[in-house]
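Required output: the full structure, derived from the provided sequences and hints.
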Amino acid sequence: MENGEITVRVRFFAAPREALGTGEIEMEIPAGTTVGELMGLLMERYPALRPYTRFISVAVNRAYVGMQTELRDGDEVACLPPVGGG
Amino acid sequence: MKLFEITTKPISTDEVIARLNAPTVGAVATFVGVVRGETDGREVCYLEYEAYPEMAEKTLRQIGDEIHARWRTIQEVAIVHRVGRLQVGETAVVIALSAAHRPEVFDALRYAIDRLKEIVPIWRKEVWMDGAERRSEAGE
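One line per chain: the protein sequences are A and B, in this order. Sequence positions in the first sequence follow this note's numbering and run 1 to 86. Sequence positions in the second sequence follow this note's numbering and run 87 to 226.
Worth flagging that the hints you see were computed from the coordinates, not collected in a lab. Check before you lean on any hint, since a few could be wrong.
Claimed, not checked - To be clear about the criterion: a stretch of chain A counts as covered by chain B if any three or more of its residues have a C-beta under 8 Å from a C-beta of chain B, and this derived list gives those stretches: (1) 40-47; (2) 55-65; (3) 73-85.
Said to hold, decoys possible - Ranges of calculated distance between the beta carbons of each label pair, as one might list FRET restraints: (4) 104/B / 50/A: 40 to 50 Å; (5) 123/B / 28/A: 30 to 40 Å; (6) 155/B / 21/A: 36 to 46 Å; (7) 26/A / 189/B: 30 to 40 Å; (8) 9/A / 213/B: 28 to 38 Å.
The beta carbon of each residue, even a glycine, is placed where N, CA and C say it ideally should be.
Right under this line is the structure:
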């Protein structure tokens, strides 16, 4: 039996943020969705993000994660282009 | 006083050093990253830094933990990075660390700035005098 939907916050920074026109969106996704699957949904829904897909690392709740990570209700997901501090 | 901080305000190197308040300290080493006036022969107008502040402070703290694990003699580490619009010559980042003796502070300092450039979610947009821009996330 399906667990229904969960809601996650997705945050954007730098070039992808400007391309999207916002720094944050909410996504309702099926329970059990992985980070990789969420990225696929985002690219489908927001074509402006597509040029950045290959370069984006993902953090969940402020820690880097792999694409196989399963998302939970209330997670804060961040799409991070290659960093350039210092 | 925060040892690991993302700030929008100008950074004073002395003030960051003062955050290391161990009385037994024998050596303090600092790295100060300053906005360069030119890149690839083009004159820089200003830089715009953007961070994911909550995660950036967390990853700065992680770098501090990594340093303590690798170099037992390092006493304290402080890293402060500024975000927002910075003019040429302004300080973007200060790393300060202390130890009772000098040999390891230089290695640890280099490790800190290399790791910062690798894992801390901060991005830099260079805006040149001719109006053109380059973003760190677009690759070097």
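Going down the list of hints, with the structure as the test:
no.	hint	in the structure
1	40-47	violated (count 0)
2	55-65	holds (count 5)
3	73-85	holds (count 7)
4	104/B / 50/A: 40 to 50 Å	47 Å, holds
5	123/B / 28/A: 30 to 40 Å	48 Å, violated
6	155/B / 21/A: 36 to 46 Å	42 Å, holds
7	26/A / 189/B: 30 to 40 Å	51 Å, violated
8	9/A / 213/B: 28 to 38 Å	30 Å, holds
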